[in-house]
Structure formats: C-alpha cells, structure tokens
Amino acid sequence: MESFRACALVACACLLVAAPRAAAQQPAPRSTPLPSIASEGVVAASYNLPHVRVASNGPLLTGTEPPAVTEPVPQMIDGSGGTTQFEQAVHSGCPTCGPDPYNGYGSYYGEGYCDSCNTCGYGAYGCGCGSRWVGTLGGLVMGRSRANAYTTTLDGGGGSVLNTQSAGADWTGGWEINAGYISEAGPGVLFTYWGLAPMEGYAEAVDPGNSLSSPINDGGFFQNSAEQNILRNDQAENYELSLLVGAYSRGHWTMVPFAGFRYFRFDESLRFGALQGGGDPGTPSDWNYYRSQNINNLYGGQFGALINYQFGGRFGWYLTPKVGLYGNQMTGRYRNYIGDGTTNYEVIAHKSNFALLGEVNTGINYFLRENVFIYAGYRVVGVTNVALGDDQLQTDLSVPTGLSDLRQSGSLILHGVMIGGGWLF
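Per my numbering, the very first residue in the sequence shown carries number -10; after that it's consecutive.
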C-alpha cells in the first residue's frame, strides 16, 4: 500500500502542490455517546451515533439469547467536526484505517495510527480512493535578468549614452498547464508546459547635431549619426515529462522524487540601428541595421523532488527544486541591411554544446474541497552556456568575418510569480 500513499502525495505535488498533511495538535476530549433509549419500532434521535451489535461478556442464563449491546462506530472526521459524504463513500473499503488521533484530518499509511489505507482526505489516494487524473491551469508574470552592457553609442565627447543593457526586456505574461495520471497500483506520470509572451525592450539616443558615433564600425553609417536605437525581443517555452516515484514522509514533511525529460527553448533577437548624418528619420533608406537572432534548443534529462510541509488539513507550503544537464543546439542568424530591405550580408551559424539548467519553485497551496485547490508561488529558472544577442556584437560589422563562430558563453535567469488552480478527478 506504500504506492497508494505515494500517489496521494504526488497528486497535489504535480502542480507543485504536495498531498496535504495535517498539523499536529493535542487531541480534543470526546464526550461519551448517549445510549439509545428508543423503544422497539421507534427511530432513534439524530444526535445518537450509529451503533452495531457486539457480543456481551457478562454472565448469561443457559438457553437465553445474548442481550444486544451497542458500541459507537468511529467516524471519519474532516477537521471541522463532521464527516463528509466524500469520505464516507470512498472509505467503505478501508475498515482498518482510523482518523488521525492528533487532529482528525485523516491518517496516512505508515504513520503508526493507520494500518493499511488512506482516509482519502484532501487530495489523497489509497485504499478505496482509486486511480485519478490530475490537472492544473495557471497564469505567469515573469521577467529576465539584465543583459550584459555592450556599448553601442557615444556622444560627441566620447561618453557612452547607449548600451545593450539600456534596452532591458519588460515583464511579460504567460500560462502553464500540468496534467498527469496517478495509478493506485504504481508510479505516476506528469506532463508540464509553460510559455511566455514576447519580452520586449527598446532604447534610443537622439542628437539633432549629428554628433552620435559608435565603437562599432559599419562602413560609416554608425558615425556622425542623428539617431541610434536598440530593440530587443525575447521568448521562452518549456516542456517536461516526469516519472514520479516513491514517497518519503517524516512528521509534517513529505518528499516525492522524480526524474524525466525536458525541452527548453529560448530565443533572442537584438537589433541595433542608426540614422545616417543629415538623414530623414522617415526615409527607410537612411537607416542601417544590424540584427542578431539566436535560438537555443535545450534537450536533456533532469531530476528533482516535490517537497511539501502541511500546516493544516487544507493549507501547505511547497518547494520543488530541479536540475539537469542538457545538449544545447544553437542557431544564429546575423544580418546587416538597409531600412528599405536591401541586405548587405547575412550569416547563418550553428553550434552544439552542453548547458546546465536549474529551477526552483516555491509557494503555498490551499484545498477548497477534497478535490479542488488553488496555489500561488514564485519561480526561478537559471540557464548557463547559451547564445545571447549581446554576445554576438563585435567591433567591425562592416564585413561578416567572425560571425560564423557563434558565441555561447552567456547565462540567463528567468523569474516571476505563478498563480492558478487544480483538480483531481
């Protein structure tokens, strides 16, 4: 039955919400049930506990029937003092499992006060609970770490007035989905997807006196300029397929390890443009641009754990660390062109290397009902050895020499909040 409990814990953990565990507290005194005094054929009052017939241990006259005595049947307690129809229904096949003696929220297999089954409380699985599908849907608001500061524009005195860090990517929205199946007789499987809308950044420097210049050589276009600007566009997308195995518990802590496959993609486009001296901002042919587009495709395996600390029957805190080694298949496209579409040159480069990706999610979860919950948390994703647009700039862009050697030494951090809800069915 250990696998039943593992399923229970994993069902909530699939959304980064581990199976709820009740906080320990002293047991409340229970009053002795009132004896039934109803006459034969009369229905007992509703406040009387259900009773069953048991054998009497007292002396009996020979040839007489044992008198019927009653004994209260333990009830499953949902934490608020009553028994839910949900628990009564699913617990019919679990005669050996009683309520948690500390708080009545439900006991779990292997904790000493539960023999072989689960009380099927908030999000639980086990004897009588059956296998279930699990799912979550949530929203994201995330941003990225600041880019490297590569100077692109100088004023008339040679001071830096614009660099690639000036065009910092804005925060953006996104969404995530988790879906999985928890088997009553084995491990679980979980699919995860999350993606972000484009993160954009823009910065410009303007000088009507045409005194702007650049440390980047582009055949004269970037010198004695009236206006220069930088445009950034970043996108991220993530897919995961994980095998959830085992479960380990101690007190209010629960841990479910997992391992699986992950695909992560990060795209960045960085464009630097300049208006030639005396040019008209509204005339495309008076503009010259250099655009760096980089695609990072990370494929690899990861492992981690779903960790949960349950404060009460409905409320808990979770932590999900993940780490993996990936192969990064990178593609770079570098283009020098005029605003009217004329291409001076275009270079496409490919490179493969290893990358390291780690992720940490932490937050809180709360069960509204036995099979419905909400969650809120914070996510941090760190990636090393990726190709970024800032790293592809060089001092001479008038010719494509050196651009075929794609640089991939950059690092990236994505972080932000997540909020959503989930269900078990």
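None of these hints come from the bench; they were simulated from the model. Incorrect hints may have been included.
Using C-beta positions, here's what the derived DEER-type ranges look like [to be verified]:
(1) 137 <-> 318: 16 to 24 Å
(2) 335 <-> 184: 36 to 44 Å
(3) 144 <-> 312: 24 to 32 Å
(4) 273 <-> 197: 29 to 37 Å
(5) 355 <-> 226: 23 to 31 Å
(6) 331 <-> 369: 38 to 46 Å
(7) 341 <-> 182: 20 to 28 Å
(8) 195 <-> 232: 20 to 28 Å
(9) 335 <-> 197: 50 to 58 Å
(10) 228 <-> 272: 27 to 35 Å
Glycine residues also receive a C-beta, built at the ideal position from the N, C-alpha and C atoms.
Going down the list of hints, with the structure as the test:
One distance hint, 16 to 24 Å for the beta-carbon pair residue 137 and residue 318, holds here, with the actual separation near 23 Å. Between residue 335 and residue 184 the beta carbon distance is about 28 Å. The supplied range of 36 to 44 Å is therefore violated. Residue 144 and residue 312 have their C-beta atoms about 45 Å apart, which leaves the hinted 24 to 32 Å range violated. The beta-carbon spacing between residue 273 and residue 197, approximately 20 Å, falls outside the hinted interval of 29 to 37 Å.
Separated by about 29 Å at the C-beta atoms, residue 355 and residue 226 satisfy the suggested range of 23 to 31 Å. Checked against the hint of 38 to 46 Å, the C-beta distance between residue 331 and residue 369 comes to roughly 43 Å, which is consistent with it. For residue 341 and residue 182, the hinted distance range of 20 to 28 Å is satisfied, since their beta carbons lie about 25 Å from each other. At about 56 Å, the CB distance of residue 195 to residue 232 disagrees with the hint of 20 to 28 Å.
For the pair residue 335 and residue 197, the supplied restraint of 50 to 58 Å is violated, since their beta-carbon distance comes to about 33 Å. Distance hint check for residue 228 and residue 272: the Cβ-Cβ separation is about 45 Å, which falls outside the suggested range of 27 to 35 Å.
This entry does not satisfy hints 2, 3, 4, 8, 9, 10, going by the numbered hints stated previously.
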